[in-house]
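Given the structure of chain A, go ahead and fit chain B onto it with the hints provided.
Going line by line, the protein sequences match chains A and B. Residue numbering for the first sequence follows my numbering, starting at 1 and increasing by one per position. Residue numbering for the second sequence follows my numbering, starting at 186 and increasing by one per position.
Quick caveat, the hints were computed from the structure, so don't treat them as lab data. Quick reminder that beta carbons are idealized off the backbone N, C-alpha and C, glycines included. Wrong hints could be hidden among the right ones.
[Claimed, not checked] Cut-off 30 angstroms, straight-line C-alpha distance, at most; resulting in silico cross-link-like pairs (DSBU-like, lysine-lysine):
(1) A/180 / A/134
(2) B/309 / B/288
(3) A/134 / A/35
(4) A/134 / B/309
(5) B/319 / A/61
(6) B/348 / B/213
(7) A/61 / B/246
(8) A/162 / B/319
(9) B/213 / A/163
(10) A/163 / B/246
(11) B/329 / A/124
(12) B/246 / B/212
(13) A/134 / A/163
(14) A/35 / A/180
(15) A/35 / A/144
(16) A/134 / B/348
(17) B/246 / B/324
(18) B/193 / A/103
(19) A/128 / B/220
(20) A/139 / B/319
(21) A/134 / B/193
(22) B/347 / A/128
(23) B/324 / A/139
(24) B/329 / A/162
(25) A/103 / B/313
(26) B/222 / A/124
(27) B/319 / A/35
(28) A/28 / B/319
(29) B/348 / B/246
(30) B/347 / B/329
(31) A/134 / B/212
(32) A/61 / B/313
(33) A/163 / B/313
(34) B/348 / B/309
(35) A/128 / A/163
(36) B/365 / B/246
(37) A/134 / B/324
[Claimed, not checked] So the derived label-pair ranges between C-beta atoms look like this:
(38) B/334 / A/181: 40 to 50 angstroms
(39) B/295 / A/38: 44 to 54 angstroms
(40) B/322 / A/100: 21 to 31 angstroms
There are 2 protein chains.
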Amino acid sequence: MTISEFIKTNLHTDEVLPFETPVETFKKNSEISSKGKIERFAYFIHSGIVQAAIDSQGEEKIIDFFFPNQFFSSYTSFLTQCPSDVIISAVTNCEVEVIDLHKLQAAYQTSLVCNQLGRYAIEKVYIKRIEREKSFLTKNAPEKYLELITYHPEIVELMPVKKVAKYLGIHPESLSRIRKTVAHA
Amino acid sequence: MTISEFIKTNLHTDEVLPFETPVETFKKNSEISSKGKIERFAYFIHSGIVQAAIDSQGEEKIIDFFFPNQFFSSYTSFLTQCPSDVIISAVTNCEVEVIDLHKLQAAYQTSLVCNQLGRYAIEKVYIKRIEREKSFLTKNAPEKYLELITYHPEIVELMPVKKVAKYLGIHPESLSRIRKTVAHA
Numbered sequence: 001m002t003i004s005e006f007i008k009t010n011l012h013t014d015e016v017l018p019f020e021t022p023v024e025t026f027k028k029n030s031e032i033s034s035k036g037k038i039e040r041f042a043y044f045i046h047s048g049i050v051q052a053a054i055d056s057q058g059e060e061k062i063i064d065f066f067f068p069n070q071f072f073s074s075y076t077s078f079l080t081q082c083p084s085d086v087i088i089s090a091v092t093n094c095e096v097e098v099i100d101l102h103k104l105q106a107a108y109q110t111s112l113v114c115n116q117l118g119r120y121a122i123e124k125v126y127i128k129r130i131e132r133e134k135s136f137l138t139k140n141a142p143e144k145y146l147e148l149i150t151y152h153p154e155i156v157e158l159m160p161v162k163k164v165a166k167y168l169g170i171h172p173e174s175l176s177r178i179r180k181t182v183a184h185a
Numbered sequence: 186m187t188i189s190e191f192i193k194t195n196l197h198t199d200e201v202l203p204f205e206t207p208v209e210t211f212k213k214n215s216e217i218s219s220k221g222k223i224e225r226f227a228y229f230i231h232s233g234i235v236q237a238a239i240d241s242q243g244e245e246k247i248i249d250f251f252f253p254n255q256f257f258s259s260y261t262s263f264l265t266q267c268p269s270d271v272i273i274s275a276v277t278n279c280e281v282e283v284i285d286l287h288k289l290q291a292a293y294q295t296s297l298v299c300n301q302l303g304r305y306a307i308e309k310v311y312i313k314r315i316e317r318e319k320s321f322l323t324k325n326a327p328e329k330y331l332e333l334i335t336y337h338p339e340i341v342e343l344m345p346v347k348k349v350a351k352y353l354g355i356h357p358e359s360l361s362r363i364r365k366t367v368a369h370a
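The following block holds chain A by itself, in its conformation from the complex (with noise of 0.2 angstroms):
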């Protein structure tokens, strides 16, 4: 799916975003967007697994997994202005459409399609950033893998295990227990 595509889909308008937004693609283990710059563009998957990471004190903590027809973005870097802290990656080789965020940015001022899809963009990272703070307050190792398979299967049908454990802050051998009774339950 294209961006355009996704507009009509989501936002069941015609209209097209008034910029180009040019193909590129990554390889797989490549980083897309880096740590200490700030953020210039926003990137919408047709093909591929991109994943987002913070290191602590030396430990990668990944804090976001993205598949194909959502967006992503180091965002919050390009809204406060600040240098990134986050570093994004293509898990497998991937085929994005790029947008320019100062030209979205400007579009804002005057485009109803794009203060649209920026609006329905950042609901839908937000909900996954919340439910995601709310299941690491309020869950265990096990119930957290439990909601992870229910609502994310894919998350777990296609990463590595030791991906996994460091999405869900729990060490791989933990994890490794837990799918086996889990399995075996």
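Same frame as chain A, now just chain B:
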């Protein structure tokens, strides 16, 4: 500040919302948005302080505080049409302006200013949540407290220690010790 003044100041337009936003008052400690209900409103604070909390096995965990000129709502409940698991209540007597989310949603189809405001408001709460999540993932208790007094001194100044502790996810006695250390540093 009213919502119209907020729009003028932050979105740099004289446009106003295309529906009424009545003013309501809430007494200290009263519930504004209840657990188990689907959210129908968003609120803009004229005066007073509001908290959002979740119940984790009988224990209240405060996930957010809101101050004058900020919007609040159990917005994910409205967006997902799932019962809210957040309890939003007045920490002090409050005066708020009330947005009917169904009217807002309808206006999103055609109104530029509604989409601009919706996008802007959710961008702000998104940044707040991301900051909080990163803080919980990467910082210990004293670091979390130092971050709070640096970026949100109003919370430390205006809230009782018990509420600040619940917000930081720290035992109140630990927080008292940290405060003493910081005060003598």
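Each hint tested on the structure:
no., hint, result
1, A/180 / A/134, "25 angstroms, holds"
2, B/309 / B/288, "22 angstroms, holds"
3, A/134 / A/35, "26 angstroms, holds"
4, A/134 / B/309, "19 angstroms, holds"
5, B/319 / A/61, "10 angstroms, holds"
6, B/348 / B/213, "15 angstroms, holds"
7, A/61 / B/246, "23 angstroms, holds"
8, A/162 / B/319, "20 angstroms, holds"
9, B/213 / A/163, "45 angstroms, violated"
10, A/163 / B/246, "28 angstroms, holds"
11, B/329 / A/124, "27 angstroms, holds"
12, B/246 / B/212, "21 angstroms, holds"
13, A/134 / A/163, "20 angstroms, holds"
14, A/35 / A/180, "36 angstroms, violated"
15, A/35 / A/144, "28 angstroms, holds"
16, A/134 / B/348, "18 angstroms, holds"
17, B/246 / B/324, "18 angstroms, holds"
18, B/193 / A/103, "22 angstroms, holds"
19, A/128 / B/220, "19 angstroms, holds"
20, A/139 / B/319, "18 angstroms, holds"
21, A/134 / B/193, "34 angstroms, violated"
22, B/347 / A/128, "29 angstroms, holds"
23, B/324 / A/139, "20 angstroms, holds"
24, B/329 / A/162, "28 angstroms, holds"
25, A/103 / B/313, "24 angstroms, holds"
26, B/222 / A/124, "21 angstroms, holds"
27, B/319 / A/35, "14 angstroms, holds"
28, A/28 / B/319, "26 angstroms, holds"
29, B/348 / B/246, "9 angstroms, holds"
30, B/347 / B/329, "15 angstroms, holds"
31, A/134 / B/212, "27 angstroms, holds"
32, A/61 / B/313, "19 angstroms, holds"
33, A/163 / B/313, "26 angstroms, holds"
34, B/348 / B/309, "22 angstroms, holds"
35, A/128 / A/163, "18 angstroms, holds"
36, B/365 / B/246, "23 angstroms, holds"
37, A/134 / B/324, "18 angstroms, holds"
38, B/334 / A/181: 40 to 50 angstroms, "43 angstroms, holds"
39, B/295 / A/38: 44 to 54 angstroms, "34 angstroms, violated"
40, B/322 / A/100: 21 to 31 angstroms, "30 angstroms, holds"
Hint check: violations occur at hints 9, 14, 21, 39; the rest are consistent with the structure.
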